[in-house]
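Here the protein sequences line up with chains A and B, keeping their order. Take the first sequence: its position 308, counted from the start at 1, is 308 in my numbering, and no numbers get skipped. Take the second sequence: its position 16, counted from the start at 1, is 16 in my numbering, and no numbers get skipped.
What the hints contain is simulated information worked out from the structure, not anything from laboratory work. Treat each hint with caution, since some may be false.
Listed below are several chain A residues computed to face chain B (Cβ distance under 10 angstroms; list not exhaustive) [stated by the list, open to error]:
#, residue
1, Lys2
2, Asp296
3, Ala297
4, Asp307
5, Leu308
6, Met309
7, Arg341
Calculated pairs, EDC-like style, for lysine to aspartate or glutamate (alpha carbon to alpha carbon, straight line, at most 20 angstroms) [said to hold, decoys possible]:
#, chain 1, residue 1, chain 2, residue 2
8, A, Lys2, A, Glu356
9, A, Lys2, B, Asp49
10, A, Lys2, A, Glu21
11, B, Lys66, B, Asp2
12, A, Lys24, A, Asp8
13, A, Lys2, B, Glu41
14, A, Lys202, A, Asp355
15, A, Lys3, A, Glu365
16, B, Lys53, B, Glu32
17, A, Lys366, A, Asp276
18, A, Lys3, B, Asp49
19, A, Lys202, A, Glu365
20, B, Lys4, B, Glu32
21, A, Lys202, A, Glu184
22, A, Lys3, B, Glu32
23, B, Lys16, B, Asp2
24, B, Lys58, A, Asp307
25, A, Lys366, B, Glu44
26, A, Lys2, A, Asp355
27, A, Lys2, B, Glu32
28, B, Lys66, B, Asp17
29, A, Lys366, B, Asp2
30, B, Lys53, A, Asp18
31, A, Lys366, B, Glu41
32, B, Lys66, B, Glu55
33, B, Lys53, B, Glu41
34, A, Lys81, A, Asp220
Predicted, not measured: the structure shown is a model, and the values here were computed from it. We put the beta carbon where it would ideally sit given N, CA and C, even for glycine.
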Amino acid sequence: MKKLIYADHAATTRLDADAFEAMKPFLLEEYANASQPYAFSRRAKDALEEARAAIAGCIHAQPEEIHFTSGGTESDNWAVKGTVSPGDEIVTSQIEHHAVLRACAAAQGVRTACLPVTEQGELRPATLTGAVSERTKLVSVMLANNEIGAIQPIRALAGIAHAHGALFHTDAVQAVGHVPVDVEELGVDLLSASAHKFNGPKGIGFLYVRRGTPIRPCLDGGAQESGLRAGTENVAAIAGMAVALRNSCDRMAETAARLQQLEQTLLAQLTAARLDYRRNGAAQHIPGNISLSFRDADGEALLHRLDLMGICVSTGSACDSVQTQISHVLQAIRLPEAYARGTIRISLGYENTRDEVLTIAGALEKILRPFHR
Amino acid sequence: MDIKQCASCRVQPLTKDEIGLSRKLLGVQTPELFCLDCMAERMECSVLDLVIKIEEFKRQSCALFK
C-alpha cells in the first residue's frame, strides 16, 4: 500500500492528540448540558468558560468577546448578516471565501462592492479608501487567503473602515493558529475562526465580537452564548478547540520556521527540474501554503495523478467536458490562463517531513516533465 | 461515429469510461487516450485504483462520464 502524504492542511488538519484527550471526558462521563443548574453540569460549564478564556488569551481578546459557532462558515455568515440592514453597503474583496461572498449576496437589500486585488493577491489600502463611504456599514476582508495564502494589511484596512464609521470583519480561518493574531493590534471588530484548521475538531469555531459591537443573534432559541447563538453547546469540541489552539500557538514560531524551510526545498527542487511554474501569492503568506501554477498543465489532472501516488493536494481549477473553471481567486489575481489552468495548492503542516516534500517534488517532475521539456 | 483507440496497445473501441478517465488524468485537451490496462501501467497503479476513481467521478456527476 502506498504511503499517504497529506499536503492539504489548508483544507483540514489532523486532530491534536492533546485536544482529543481533552474532549473524551465530555463525550463519555461528563456529558451534562452546560445550561442546567445541577451539580453534574458544573464541570461542563467550567470547561466552557476555561476554553473561552484560553481562546481569548490566544488572540488577545476578552473571554466575553468569544462566541462559539459551528465553524468558519457560520462565523462569516453571522458577521455579515448580523451587522447589516436593508439600505446598507458592504465593502469586501474579490478573493474572499464563498462563505463571505455568498453571505453578502444573500443579505437582503444590501449593496456589496467587491474590490480588486493586486497580482500578488493583496488588497491595497488605497483601493479601500477609494471605495468606502459614509454609507458603508461593514468592511470584510480576510486575514489570509485560503487558495494562495496571501496575508492582508488588516490593521491599515480596519483603520480606514473605522475612519468612515464602518465595522471591520476579518475571516481569519486560515490564519488563527498559524500566524500571530492580536485583535487589539489588528483593530478588528469581528473575527472568524475554525478549529479544524489548527488541529482542532471539525464542526466548531468561534466569532470574536469586540465588546460594544452591535450584532443581532445568529440563532434564536435558548440563552446560550449571551443570547446571541442559541443551541446546546458542544462542550467536547469546544474543549478540544481550546487545547488545539493553545498548542498551535505554543509551537507557532518553530512550525513556521520549519515550514519555510520545506517551502524552499520544494521550490528549489521544482526549479532544478526546470519546470515552468509560478508561485502565487504575496511575500507575506501563511507558512506552508504554496500555490503553484504550471504552464500548459491541467490542475485537476495533476490532483488526481498525485492522488494515485498517495499524495493529497488541492487544485484551483476544475474541468468539465467543455471548459476549465478557474477559481475566482486565480481570476482576481489575473493569472494568465495558460498557468491558471495548471494550478495546485500544496499546504504543508507541522507533521510533513523533508522526505515527503522531496517525494512531492519528484512526483510533480515525473508528471510534468513531458510538458515542460 | 468516431472510434477511439488506445494510444499504447491500439485496442478499440475505448469505452466512454476509458475516454473520460484519460481526459480526467491527462487533461481535457489530451490527444492521447488509453485503455484501463495501459493507463494503469502508465500511472503505476492498479486497474482497481482506476475503477474506483471512475466510480467517484460518476458519483460527482462529472460530465466526462455522462
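Original post:
Between lysine 202/A and aspartate 355/A, does the CA-CA distance stay at or below 20 angstroms?
Top reply: 29 angstroms, violated
Subject >> chain B contact restraint for aspartate 296/A - C-beta distance below 10 angstroms >> reply: 9 angstroms, holds
Original post:
Is the straight-line distance between the alpha-carbon of lysine 366/A and that of glutamate 44/B 20 angstroms or less?
Top reply: 12 angstroms, holds
**OP:** Please work out if lysine 81/A and aspartate 220/A have their alpha carbons no farther apart than 20 angstroms.
**Re:** Judged against 20 angstroms, a Cα distance of about 14 angstroms means the pair holds.
**OP:** Measure nothing beyond the straight line between the CA atoms of lysine 58/B and aspartate 307/A; if it is 20 angstroms or shorter, mark the hint as holding.
**Re:** Holds, because 17 angstroms separates the two Cα atoms, which is no more than 20 angstroms.
Subject >> Pairwise hint evaluation, aspartate 2/B against lysine 66/B, where the allowed Cα distance is 20 angstroms at most >> reply: 17 angstroms, holds
Original post:
Does the interface hint hold: is lysine 2/A within less than 10 angstroms of chain B, judged Cβ to Cβ?
Top reply: Since the shortest Cβ distance to chain B is 8 angstroms, the answer is holds.
Original post:
lysine 24/A and aspartate 8/A: Cα distance at most 20 angstroms?
Top reply: Status violated; Cα separation ~26 angstroms.
Subject >> Pair hint outcome, lysine 66/B versus aspartate 17/B [Cα-Cα no greater than 20 angstroms] >> reply: 9 angstroms, holds
Subject >> Satisfaction of hint between glutamate 32/B and lysine 4/B, Cα-Cα up to 20 angstroms >> reply: 10 angstroms, holds
Original post:
Does lysine 53/B pair with glutamate 41/B here, judged by a C-alpha cut-off of 20 angstroms?
Top reply: Holds, at roughly 15 angstroms.
Original post:
Keeping to a limit of 20 angstroms between CA atoms, is the pair of lysine 66/B and glutamate 55/B held or broken?
Top reply: Judged against 20 angstroms, a Cα distance of about 12 angstroms means the pair holds.
Going through the hint list in order, the structure does not satisfy hints 10, 12, 14, 19, 21, 22, 27, 29 and 30.
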